[in-house]
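Use these hints to put chain Y onto chain Z, whose structure you have.
Chain by chain, the residues:
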Amino acid sequence: MTSEGICYADNACHQAVEIVRHEEVGRSTRLLAVRCPEIAKRILPGQFVMLRPHGIYDPLIGRPLALFDVWYEGGEPAGIEVVYLVKGKLTSWLAEQAIGQTVEIWGPLGNGFDPQPTDHLVLVAGGIGQTPFLAVAKERLGIATFGLPNRNASNVSRITLCYGARTADYHAGVDRFQEVGIDVQLATDDGTAGHHGLVTTLLEKVLAGEPKAPRTQILTCGPERMMEAVAGVAAEFDLPCQVSLETPMACGIGICFTCVAAIATKDGWDYRRTCIEGPVFNAVDVVWDTTK
Amino acid sequence: MGVGHNQDDAFSMATLDLTTKLGRLTLPNPILVASGTFGYAREMERIVDLGRLGGILPKTITWEPRAGNRPSRTVETSAGLLNAIGLDNDGIELFLEHHLPYLSKLPTKVIVSIAGRDEAEFARLAERLDGLPGIAALELNVSCPNVARGVDFGTDPAKCEAVVRLVTRQCSLPVFAKLTPNVSRIAEIAQAAEAGGADGLSVINTVLGMAVDWRRRAPMLANVVGGLSGPAIKPVALRCVYEVSRAVSIPVIGIGGITNVDDVMEFFVAGASAVQIGTANYFDPLVSMKMLDALPGCLSEAGVETISEIVGTLGTAL
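From first to last, the protein sequence lines are chains Z and Y.
So our numbering is basically just the index in the first sequence, starting at one, shifted up by 397.
So our numbering is basically just the index in the second sequence, starting at one, shifted up by 746.
It is worth saying that the hints were derived from the structure and are not from the lab.
For each residue, glycine too, the CB sits at the ideal point set by N, CA and C.
Hints should not be assumed to be uniformly reliable.
Stated by the list, open to error - Below, a sample of chain Y positions facing chain Z; criterion: calculated Cβ distance under 7 Å:
no., residue
1, Arg-792
2, Arg-819
3, Leu-827
4, Gly-976
5, Pro-977
Isolated chain Z (complex conformation) (with noise of 0.2 Å):
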């Protein structure tokens, strides 16, 4: 655990801030804009920020959330928006929180996606692992741009999102998707929207149909054995793939080692935190499975 590759909260800053928006966007899904000129100006595709309660102790420990997008007065930065789905303690505690109320949030976090020029960019998401990817698309088309100095990385020439869920409801913010001009392939383990199966088995005919691309790359998000045959796929069409990892976090700035992935070193593998080290990894870093 040297400090190479490390991405310390260098650059974070740690508000209570207003809900703007909160609504409905899925089945137990949830959009939530929060008004944070300093966090949106910086946060880039792929990093995240923690959310927790403004001044109670129970809810106690911050979640990690990934950008979603940021929105924008006058044309400045004005806030970020997240994407949750409703699930356990802290998610049921914001489910209910109305417009004008305060959280507290910390951030930016994370490394977020490395943004390599590449034709043809298929982003692989499962459950709600498709948060990440509407800023990524946004900015490698070059509709936005992200950071603090702004980057210019508008370098992919078309983008294709596969997307899984477990039922047609459950897909949140596939209009966003849409309005971007990006491919979007849906898929559902019951078949009521999209390809009727896994959402690796739609990637596969995805690239399958591709003419043989010398520059496709692949971003995932999204349950971890979900990620693992990606992964696979990845290696299978000899592809370069990025992961985001989605192990749940306590502190999200390296202090607590909850948030460990196994992660291969030179002489086999090391628990690395996902929070300063990841939470994107190379898929062929990524040690899925520790007892082999």
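Okay, now just chain Y, sitting in the frame of chain Z:
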């Protein structure tokens, strides 16, 4: 972080003396950060002003590197956090090579937390650290609940006394023993550590607990059991500090669910001469700075000019 830490407390900071003497160890103020809740300090350098802290306890180090327990390592419970990290650390050699050069340059006191598998390993660790620049004291983690046999030294008075004695004989640094609350009579363990020559006691480590997912018939932690921390354990910690401080004559550092400056003051009154902030660093990374900002005002409100005037004043008539 982009939030100013320094309030207009320059005047009160100057008139109130926050210097804290813990036996042979003198600290600029009584607000420390607890081992295992502050990484190796580097993670926090751009978030808090490290030089304002009374002291820093980096994550516990062991002789050999330890990968720690497999995930899931923590789970939130009511106003608390249950953890079974398992002393994930790089081992002493990497600590000396990589972390100590950074820590030793910090403008604050560094107290190194160590855990050995047996008495001899505690002694070897202490010997290796003795005399190195930048180390102000040692804290013996005789109470980590998440490693096999790790807790023995903290639950058996004779073993606790023996390990403290061995370490204090082999090393010239001030030595603090961090006690577990998971015993029937913590005062007995405290007295044993004092008899062994401890300069002070850190009270408490986490409270053993577990969390269950009944639908999956599964434990929430991969390690099944873990240590509870956070506001949920503050009453337990206060009781332990109270009992221990009355049973020994060495100073006590209070730890356990301390989340705001009122908690800090409560621990002083109950008998702690200093405090360590733990889990609160996770959910409020600037908490230690906020406490330092607010502490002079609380001391003024209490009508005291030094920390020692308020320590152990429970029950004294106002």
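**Asked** Can Gly-976 (chain Y) be said to touch chain Z, with a Cβ gap under 7 Å?
**Response** Given a least distance of 6 Å, the restraint on Gly-976 (chain Y) holds.
Note to self: Does the closest beta carbon of chain Z sit nearer than 7 Å to the beta carbon of Leu-827 (chain Y)?
What the structure shows: holds (6 Å)
Interface hint for Pro-977 (chain Y), Cβ within 7 Å of any Cβ on chain Z: holds (5 Å)
Return the status of the interface hint for Arg-819 (chain Y): holds when the least beta-carbon distance to chain Z is below 7 Å, violated otherwise. holds (5 Å)
Quiz item: Hint check: is the beta carbon of Arg-792 (chain Y) less than 7 Å from a beta carbon of chain Z?
Solution: holds (5 Å)
No hint from the list above goes unmet by this structure.
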